[in-house]
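**Student:** As a plain string of letters, each chain reads:
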Amino acid sequence: MSPTSIFAPASTPAAAIFGLSTLVLGVTAAIFVCVCALLVYAVVTFKKRPDDDGSEPAQVYGSNQVEIAWTVIPTLIVVVLFLASARVITSVQNADRSPGSIQVVAVGHQFWWEYRYPALGIVTANELHVPVSDSTQPTPTFITLLSADTDHSFWIPRLGGKTDLIPNRVNSTWIDPYETGLFLGQCAQYCGTQHAKMLLRVYVDTRNAFDSWVDQQRQPAREEVDVAEGRHVFQRTSCINCHAVSGTVATGQFGPDLTHLMSRDTIASGIAPNTVENLRAWIRDPESFKPGSRMPAMKLTDRELDSVTAYLASLR
Amino acid sequence: MSTESLALPQPAITARPLVDRLHGWITTVDHKRLGLLYIGYALLFLLIGGIEAAAMRIQLIGPRYNFVSPQVFNRLFTMHGTTMIFFVVMPLVFGFANYLVPLVIGARDMAFPRLNAFSFWLMAFGGMLLYFSLLGANGLYGAGNAPDVGWFAYAPLTSRTFSPGHSTDFWTLSLLVSGFGSIGTAINIITTIVCMRCPGMTLGRMPLLAWLNLIMGGMVILAISPLSAAQIMLLVDRYLGGHFFDTQAGGSAVVWMHFFWIFGHPEVYVLVLPGFAFASEIIPVFSRKPIFGYAVMVAATISIAFIGMSVWAHHMFTVGMASSANMFFVLSTMAIAVPTGIKIFNWLATMWGGKIDFKAPMLFCVAFLFQFLVAGLTGIMLGAAPFDWQLGNSYFVVAHFHYVIVGGILFTIFAAFYYWFPKMTGRMYSERLARTHFWLFVIGFHLTFDFMHIPGLLGMPRRIYTYEPGRGWDLWNLIVTIGVVFQAAGVLVFMLNLVISWLAGDQAGDDPWDAWTLEWLASSPPPDYNFAEEPVVRSRRPLWDLKHPEDPDWKYE
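First to last, the protein sequences are chains A and B. Here numbering that gives the first Met the number 0 is used: the first residue of the first sequence is 0, the next is one more, and so on. Here numbering that gives the first Met the number 0 is used: the first residue of the second sequence is 0, the next is one more, and so on.
Only chain A is shown next, with the shape it has when bound in the complex:
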């Protein structure tokens, strides 16, 4: 089964859309069967016979009764489908923000996702963590959608429909996943060269796991003694122009926050497992890893590469 199927909803908005989609699919399937039956019947029955005498068939110019029938019936169907759609539009777009909800700000960048939890003081990238929401104690997550550069679109098919992130505009969406696990998606609005590798990962944690993830993310960056050389290289090169590591001189805003880099499963917006080898290869030459990525190769020596990788690998 596909992990990104729209027919396996695990959140209220996705389920509401799924409900509407079954109605629409049912109605359209019925229309399809009826009209196809007429078409097939006409093609088979009124085919010119080999023994045709060459005379013209009865010349029929039209019929007002029939025209009225096939105007009124489709109109009624349209009204039904419109009302059903309007109901779901209202329930999804105009949902109330309950007091227990989580607030996240998602910022689309070429070609990665920034996630901020203003109330919790957390900044992270590419892997969104949210608590599971159960019906007795709902904890939906409301996501404010912003863009730092071009248009993007936030789409986790199993959790909800897509909403665009548009520069100079504030959009929002919400999810309330009712099962734990990893939910996948990817950017759904063409945003430039690496649009294809701007993957989305949403981790739905139990309430306890989410709370401990929050505690861990709120820690300042670790300062390990044996990676001092790598830290020095990192802070001396232009890495810090784009990346932030909290509590250090690195306060860049253009790239992902690296304070807890190793708490993430993947790098480069979900395209590769976050292993030391991949990290090193990525730093050495981002272009070969993800052509068109905005991160430049810093032309580090092997020794510098090793030490920077070791430093980053210490940021748990």
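Simulated from the structure, these hints should not be mistaken for laboratory data. Some hints here could point you the wrong way.
What the hints assert, rightly or not - The calculated lysine-lysine pairs, modelled on DSS-like cross-linking and capped at a C-alpha distance of 27 Å, are:
hint, chain 1, residue 1, chain 2, residue 2
1, B, Lys354, A, Lys46
2, B, Lys546, A, Lys47
3, A, Lys298, B, Lys546
4, B, Lys546, B, Lys354
5, A, Lys298, B, Lys354
Quick caveat, the model's predicted, so the values are computed rather than measured.
For this one, chain A is given, so just place chain B on it according to the hints.
**Tutor:** Same frame as chain A, but now just chain B:
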């Protein structure tokens, strides 16, 4: 053969030198020659756009496949979309309109022959401008030549910040120039139909082909104008420091979307109405019955045009419009299904009780009916805004609009090719090759575009140069790519048929289909002046009246 029956002594006419004949084509203001120029030009671009599509499908044959780089892939889908809409389907429908409209209304040419030639060459120049960008106009930051911002070129990707080279300028200017050509042609078609109908041809006796092209012309003027305005604004942004779409200086990306789609959606009807026109001429002749509900067909077309101008933001259900706006566009979008459904039912009713002759034009029309039905139904799914939040910008949408443009419009254009080929060339096409073309293309079309819906339902967005394994998309993409082979083979057989039949086909005669509209009264191919004597009509089917003086149509209309 009938040509051998006369053995007159041949006067000593030497063929004019090639350069003279080429000069004749380039300087022509004859509506028929311009029509053929449009069509030939479009077929050339059909091959180019098809090769671009094939390259994309090879790239997507499997996950993380490496046939072209992401930069090249982005250029391919931008060029494919722009080419197919503006330089294939638009010139094809304009070409047929140019050729046929004066003939079916009994006129000797278009109202403004020189404007006609000017419009064609503007469009031709626009297409060349687009491809000239390959010679050194850089696109997105760090990417190579040719436009790569997508065929709807959403802001701010088109701003100088993100698209620093000149490829976006080539794209903009190309559409601006060809857009002026389109407006010129639309004015010409409207004026011709309004002012140049032969005696007796009231609006109510006009063939549906003329009616639908008249309405198409009106929609072109309404739709192309905002597109041209937007292109000018984009140029102002890029060169004169404007901020219409420059989000970094307070501009609005959403305004571009509105401008683009208030062109983009009516454009679908601009392309499909001529397709409807072909079907409305061909289905009656091959069913041997008049069109069912002529007046209702006209009314349905007019209401499609009206409603079609107010549905554009259904392309924007995911941009965060207010719920009331979303509801409005759901209603208008679904409402358009009613007149469109009426058309499908009327075509079916035309076939009902007839004697259907399944020659190639009719085969393509029947396939069109089936495919257009499916396209309409997936359109209803996309029109239900919440469903669109899932389906929008996914491969489901790509499948849907290819179902409309290929399964609907291109199939009727193929039907039109075969139906009017004898009139345009004086020769009959090969029915055997036409059937081969039909079956290859039907198989290829359904392999490609039926299965393309599925990865969309499984979460595959469009415009991605590659995808991750394990998403359940691999098999479907493989099948989709296999279908391309059949479609390409079908198109090659089609082109082969055109060339062979034009050079060596049987003489077709003036009226090979025993048809009823005025173009079949002229010789095949028609002379420069079309009709030696101005025809006079008393009904919608003047040739029926001629052939059945005992039971003419005008007694019933």
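**Student:** So, for every hint listed, does it hold in this structure?
**Tutor:** Taking the hints in turn, this is what the structure says about them:
no., hint, in the structure
1, B:Lys354 x A:Lys46, "6 Å, holds"
2, B:Lys546 x A:Lys47, "21 Å, holds"
3, A:Lys298 x B:Lys546, "84 Å, violated"
4, B:Lys546 x B:Lys354, "18 Å, holds"
5, A:Lys298 x B:Lys354, "76 Å, violated"
Comparing the model with each numbered hint stated earlier shows that hints 3 and 5 do not hold.
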